[in-house]
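Quick note, the sequences are listed as chains A and B, same order. Note that the first sequence covers residues 16 to 270 in my numbering. Note that the second sequence covers residues 11 to 301 in my numbering.
Incorrect hints may have been included.
Claimed, not checked - Pair by pair, the computed Cβ-Cβ distance ranges are: (1) A/Asp143 / B/Ser284: 32 to 38 Å; (2) A/His188 / B/Ser43: 40 to 46 Å; (3) A/Pro28 / B/Lys160: 33 to 39 Å; (4) B/Lys110 / A/Asp190: 37 to 43 Å; (5) A/Asp190 / B/Asp141: 37 to 43 Å; (6) A/Asp143 / B/Arg293: 22 to 28 Å; (7) A/Thr117 / B/Ile82: 36 to 42 Å; (8) A/Lys44 / B/Arg251: 29 to 35 Å; (9) A/Gly86 / B/Glu291: 53 to 59 Å; (10) A/Gly86 / B/Asn113: 46 to 52 Å; (11) B/Phe150 / A/Lys80: 33 to 39 Å.
Think of the hints as simulated: they come from the structure by calculation, not from any bench. Heads up, the beta-carbon is just placed ideally off N, CA and C, and yes, glycines get one too.
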Amino acid sequence: MNTNNPLPREISPGVWWLGDCLVQHHKGKTYHSYNAAFLIIGSEASILIETGHPKDFPEIERQMKNILGDGRAPLKHLFITHQETPHSGGLGRVLELYPDLTVHGDVSDYHLAFPKHEHRLKKMEVGDSIELGDRQFIAVEPVIRDLRSSLWGFDTGGRVLFPGDGFAYSHYHWDGHCGKVAEEAKSLDLADVLAVFAERALFWTTFADMNIYADKLEEMLNDLEVDIIAPTHGLPILDIPTTMPKVREGLIACG
Amino acid sequence: MSHHTITELANGKVYALHNTLPLDGRVSAYPASTRGHTASNCYLLCEDDGALLLDTGYAAHENAIIEQISSIIDTHTPLSIYPLRMNEFMSVGNAMAIAKHFNVVECYASVPDVVTWLEFETIDTNGKKMDTPDLPTTIFDPSKSYQVGKNGHRPINIMNAPIRLISTKWIYDESSKTLFSSDMFSHVSQDSPEGPWLIENDDTVTTSSFVRSFLLNTRYWWLEGVDTTSLRKGITDIFDRFDIETIAPGYGSILRGRALVEHHFSVLDDVLRSLDRSAVEARYIPRGMER
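Pulled out of the complex, with its shape left as it was, chain B reads as follows:
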């Protein structure tokens, strides 16, 4: 049973759309042995004249996500979509469904004609589009600045994730001082589907040993014995450059408060330092080896 909740992270400005998943070994974002629950988090950033949706969630949550968005904006609000990981179902699973229900004016991507990357169901066997909504592509240009809405009062910073498996974007929202970190800082799952999905003090699990194990047993299995110098520098640069009060990951609990944010960055840096080739010998890691 999935729980569908919304957390208002900044007054009228940022909403987290949580849709929970049982962790039963079948969620690739978590170690196969992890049990409990996590939340798939999409985020809606709002201004008076437009909104931006970060990620669109799994198809299993289609109805819930459409209801969640409907409870915040109306169907006329110009809505932009930014899938932070273009090749993953959690980011793109409901893009077309959302485009059918809302006034989606653009989808950010690094490739042209984004519909051809997102259309999983509605092109028939003759190549004819069936009920396919219009979804204009805005190709991300790192030399440009970006905003939520058009009023010019809501700058966001879009960056390549400094640590990533595949092409991944992180976004920093200056207004709410929130870093949207996609698949990083996603290790805080819960025993109950009821959460908590927002944590403001100690999350009780974020130690170096826990984070190291989480990374090595998920998509960051390859970190052991690599050169982590530039990864650490990229992460530190972001922490130094932005005034981050909240880390909003794509999965798991949101982390709020400067002390908690600093703790998470510090632990991640410590883990990466301990995994560097100067500290640990590189070796072949077989599939499924948990450590």
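Looking at chain A on its own, in the form it has when it is part of the complex:
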């Protein structure tokens, strides 16, 4: 556990960024990245987005308990963007901790990975929603994805997009970026840090014409009127008009 971990952090009213950094080595440099989880607090129910990297399970559980223990709506749902273990490896642990909780998303493979919890898996398609009381969580098109079973999520309360592997980039620990949002990390070179993930986790983006995907991303951000982007691996984006052009440039540089 990192004793200087700046998380959890509330990035929008009722939306908490959870987790801790992971050290990554790439082409002789040492980077940090996140395998984050997010907690959305509704008036009637709360939902956890992603379960985090296995190394972070105890830390995320502690962060979550502290937040939920303050009289907030109970955790009733878990949404996972896709089946890779840094996103979904904690599914079994979360279900053990919260016996009434159900798992939502494209739930392929989880009956094989966590067979005793098969009856708690609830399949979602794009457009399906989960009621949290004063806000909804909606499954949306995963524009930049890997497995065919990926889904993204959208919180209507804070107009927050949860794009899983989309907007996947590392950050500079040496320059104090840990726990900061993208706009606070002034020295962050998005083309550089997007490339770290492109080579390892989003190999296809190095072959594809990423203009197509950047266009689709911008269309989605406009259609949904997204205010905040909360990626699993990157730093949250709070000022989309400022940061999205840099993301676009970085995506295209990868391709």
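Let chain A serve as the given structure and place chain B on it in line with the hints.
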């Protein structure tokens, strides 16, 4: 109902551990519309003084896989584990369970402290490890050569998969002339859970149109209209470099025989050529669009 069988691919040297899955739309490695059955295949490579397990299977098959391994090696045999896709449950699902039952001396990875990537269940909420077996990490170094066991007679070639979604390794075993291809060449599923899970002649389905559809409706949905030049070159280089008699994928039927191997490589190359941006216009592919 899952069928659990073992195929001995090379006399005392290579065993395929098959555990079958019904294809009902819930297996992400196959198109959502595919029906029938496939096998999740882990492979045990054996020498007198050690063994290497490629992938560890889904937790749903934990007991079967432990029984399968137990039927081949004893609990004292030094066992190495290599998850070919570190981030996928099929590769890592039973790593810790196997480490509890067998003399696992190392787990290959590209990251240090591999236990922190594999431990899904047994670290309690205070961060205290509960009954966690020791699992030393061997960080893969592409400049080094690797063997099964320690006798120096069983070289294996470990390589980055030339076509992949996420970080994926392919392994070529010189002794058995087998290419372990992880999620590639995995399109041959069966009507029955009884297989066959080893095919030595025509597999009856491997045409360019079938493979193209399979790739585009699974994790290779992104291939249409990309630059496939370097992908094709990487695959061809492997086919030219190694004397491959058997393709052993992580899912589906194993493919044996030079003619069948050559056919599969040829079809894959043809599909990638037909998907290149010079042949087809790139476009946005919505989730779930089957073609």
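Hints, one by one, checked against the model:
Checking the proposed 32 to 38 Å range against A/Asp143 and B/Ser284 shows it holds: the Cβ atoms sit about 35 Å from each other. Taking the beta carbon of each, A/His188 and B/Ser43 are about 45 Å apart, inside 40 to 46 Å as hinted. In this structure the hint that A/Pro28 and B/Lys160 lie 33 to 39 Å apart at CB is violated, the actual value being about 60 Å. B/Lys110 and A/Asp190 have their C-beta atoms about 42 Å apart, which keeps the hinted 37 to 43 Å range intact.
Our hint of 37 to 43 Å for A/Asp190 and B/Asp141 holds, since their Cβ atoms are close to 40 Å apart. A hinted range of 22 to 28 Å for the beta carbons of A/Asp143 and B/Arg293 is consistent with their spacing of about 26 Å. Under the hint 36 to 42 Å, the C-beta atoms of A/Thr117 and B/Ile82, about 40 Å apart, fit the expected range. Hint check: A/Lys44 to B/Arg251, Cβ distance near 31 Å, so the stated range 29 to 35 Å holds.
At about 55 Å, the beta-carbon gap between A/Gly86 and B/Glu291 stays in the expected band of 53 to 59 Å. Roughly 51 Å separates the CB atoms of A/Gly86 and B/Asn113, a value that falls within the hinted 46 to 52 Å. In this structure the hint that B/Phe150 and A/Lys80 lie 33 to 39 Å apart at CB holds, the actual value being about 37 Å.
Checked against the numbered hints above, the structure breaks only hint 3 and satisfies the rest.
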